[in-house]
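One line per chain: the protein sequences are A and B, in this order.
For what it's worth, our numbering labels the leading residue of the first sequence as 1, then goes sequentially.
For what it's worth, our numbering labels the leading residue of the second sequence as 1, then goes sequentially.
Incorrect hints may have been included.
Computed list of lysine to any residue pairs in SDA-like fashion (alpha-carbon distance at most 25 angstroms, straight line) [said to hold, decoys possible]:
no., chain 1, residue 1, chain 2, residue 2
1, A, Lys52, A, Lys77
2, A, Lys75, B, Ala308
3, A, Lys32, B, Lys143
4, B, Lys143, A, Lys99
5, A, Lys99, A, Gly152
6, B, Lys30, B, Arg6
7, B, Lys241, B, Gly301
8, A, Lys32, B, Lys241
9, B, Lys240, A, Gln151
10, B, Lys178, B, His218
11, A, Lys52, A, Ala82
12, A, Lys149, B, His171
13, A, Lys32, B, Ala256
14, A, Lys92, B, Ala378
Here are some chain B residues pointing at chain A (derived, C-beta under 7 angstroms) [said to hold, decoys possible]:
no., residue
15, Gly206
16, Lys263
17, Val379
Rather than coming from a laboratory, the hints here were simulated on the basis of the structure.
Glycine included, C-beta positions come from ideal geometry on N, C-alpha and C.
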Amino acid sequence: MRAVVHFALWLLFLLTLSCEGTLKPEPINYGKDSCAFCLMIVADAGFSAEIKTKKGKVYKFDSIECMVAYLLKNKLKKEELAAVWVADFPSKRLVRLEKVKFLVSEGLRSPMGLNISAFANEEELKEAFRHFGGKVMGWEEVVNYVKEKWQGRIGSST
Amino acid sequence: MARENRLLYLSLSLLTIFIFSFSKEIEVCKGCPIGSVKRAIELARAGDTIRVRGGTYREGTIEISKSVKLLGIDKPVLDGEGKYEVVRITAPNVVLKGFKIVNSGRSELEDIAGVKVENTHGCRIEDNVLENNFWAVYLANVKDCVVEGNVIRGPFRVGEAYSGNGIHLWHCKRVRIKDNYITGHRDGIYFEFVEDSRIEGNVSEGNWRYGLHFMFSHRDEYLRNTFRKNGVGVAVMYTKKVVMRENLFELNWGGASYGLLLKAINDSLIERNTFYKNTAGILMDECQRSVIRNNDFIENGWALRVWANSMDNSIVANNFLSNTFEMSTNSDSNPNTIEGNYWSSYRGYDLNGDGVGDVPYKPVKLFSYVLENNPAAAVLLRSFFVQLLDFVEESLPAVVSVSVEDPRPLMSKIEWKR
Numbered sequence: 001m002r003a004v005v006h007f008a009l010w011l012l013f014l015l016t017l018s019c020e021g022t023l024k025p026e027p028i029n030y031g032k033d034s035c036a037f038c039l040m041i042v043a044d045a046g047f048s049a050e051i052k053t054k055k056g057k058v059y060k061f062d063s064i065e066c067m068v069a070y071l072l073k074n075k076l077k078k079e080e081l082a083a084v085w086v087a088d089f090p091s092k093r094l095v096r097l098e099k100v101k102f103l104v105s106e107g108l109r110s111p112m113g114l115n116i117s118a119f120a121n122e123e124e125l126k127e128a129f130r131h132f133g134g135k136v137m138g139w140e141e142v143v144n145y146v147k148e149k150w151q152g153r154i155g156s157s158t
Numbered sequence: 001m002a003r004e005n006r007l008l009y010l011s012l013s014l015l016t017i018f019i020f021s022f023s024k025e026i027e028v029c030k031g032c033p034i035g036s037v038k039r040a041i042e043l044a045r046a047g048d049t050i051r052v053r054g055g056t057y058r059e060g061t062i063e064i065s066k067s068v069k070l071l072g073i074d075k076p077v078l079d080g081e082g083k084y085e086v087v088r089i090t091a092p093n094v095v096l097k098g099f100k101i102v103n104s105g106r107s108e109l110e111d112i113a114g115v116k117v118e119n120t121h122g123c124r125i126e127d128n129v130l131e132n133n134f135w136a137v138y139l140a141n142v143k144d145c146v147v148e149g150n151v152i153r154g155p156f157r158v159g160e161a162y163s164g165n166g167i168h169l170w171h172c173k174r175v176r177i178k179d180n181y182i183t184g185h186r187d188g189i190y191f192e193f194v195e196d197s198r199i200e201g202n203v204s205e206g207n208w209r210y211g212l213h214f215m216f217s218h219r220d221e222y223l224r225n226t227f228r229k230n231g232v233g234v235a236v237m238y239t240k241k242v243v244m245r246e247n248l249f250e251l252n253w254g255g256a257s258y259g260l261l262l263k264a265i266n267d268s269l270i271e272r273n274t275f276y277k278n279t280a281g282i283l284m285d286e287c288q289r290s291v292i293r294n295n296d297f298i299e300n301g302w303a304l305r306v307w308a309n310s311m312d313n314s315i316v317a318n319n320f321l322s323n324t325f326e327m328s329t330n331s332d333s334n335p336n337t338i339e340g341n342y343w344s345s346y347r348g349y350d351l352n353g354d355g356v357g358d359v360p361y362k363p364v365k366l367f368s369y370v371l372e373n374n375p376a377a378a379v380l381l382r383s384f385f386v387q388l389l390d391f392v393e394e395s396l397p398a399v400v401s402v403s404v405e406d407p408r409p410l411m412s413k414i415e416w417k418r
């Protein structure tokens, strides 16, 4: 009996471990997965994004602008989201939204034309800014930028 | 006054003759006094013609910053050696004809191309072969250019990783893309912010994402192109007043594939195209006031998937021939006009002999409605359950809540002039 209980506890422990692990982004299958907002096939790992809701639903995006537009269009609140990831432009890895700053630059053309890229490393951001120019933005600014540029697209659903 | 004008004309034409007589020809070949293309461009003046004879020229990036004609004789090779952008055009009215342009550099940061044209107008890129370039022909901020008769083979096969596009246009106006062949790139032809342009007679096949892809590109015409066996199909998005006529979309077969994705396409015309053997012929999402007329949908998985946020479109006088599903939608209402099509699976009668079936046709089968809302239900296709569903649907039409119908289904196939 004791062995069974032990075993069950052990299982429970493993289960919690695996739950902890689920807050990693689901890998994007480039060239196969399509963007939840614009339906385009995600092809460029430098600009992609992903959100996971607390219900466990995963949405992948070809660009940061599409991710922002999706949040706005579906009126998703912060409390409903488990995590948001954006591609760190230099490493092309998905990193948590909280860790990045953004660059909006015509020198770095994003798949959907608003040219938003994200950088986890301050030095790399500075270097990209020196090289490509543009404007460095925080999250709030990026949201407002997408809201302003894509007004019609975000409002059209309702 | 008239006399002054005449004088002006005379002096102008004299000036023209003067300039013309001074425009010269420069020959480049291995063993010629001028053996380098770059050197020839240095020596040339606007209006000159440079003839480059056969051979391989490895000169880094050849920048054409003067309005010259660069003509290849016996397909001379310009080789980027995997390091350089091969040709960069920055002057107006440049002609680049008859070259083989190969092995551009590759970069994660910059869009390095076989031929890049930037911030100018009036170029002609003609009869070249482009092979193994990262991006092949790249036009940025360019007006009134022609890209014609080029054969473009990218470095990648379908499904392979990162590569650029075959013919890529960004912020261009009044460009013609004609009779090119493109394969092995990410998107065969890609337009972003390109207006008043015409894309005609191209064949784009075996590219790993889209055969044609455009966004924010208003008032363009796409005529007589073939898009075949591309990774996903053709995707056109966020654009107004497009005309797509007499194109062939075929053999785009795979989980998420389609012949043509229309995403947020408004006030456009899709006419006399053929959709043959695609997972979905056309997938429409958020489209408004567009007309889909006189097209042939042949042997597709779905001929048309119309998502509920598409409104006020007309789907009229098309032929639907032997598709697994003719139409599907994820909505039970029908905000589009569907009328006067020929449906090969229509079984109604025409008692008064006017060529129009006497009972309306419902192209959305109950099962395809179920499928659109629960994709996993696809495993039930051709099962007893689905047969039962179809039977119920046919014998008790009242059960079906999907209101999409063609009130005037035609009894015979529509023929139109090609």
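Hint by hint, where does the structure go against what was stated? Just the numbers, ascending. 3, 4, 5, 6, 7, 8, 14, 15 and 17
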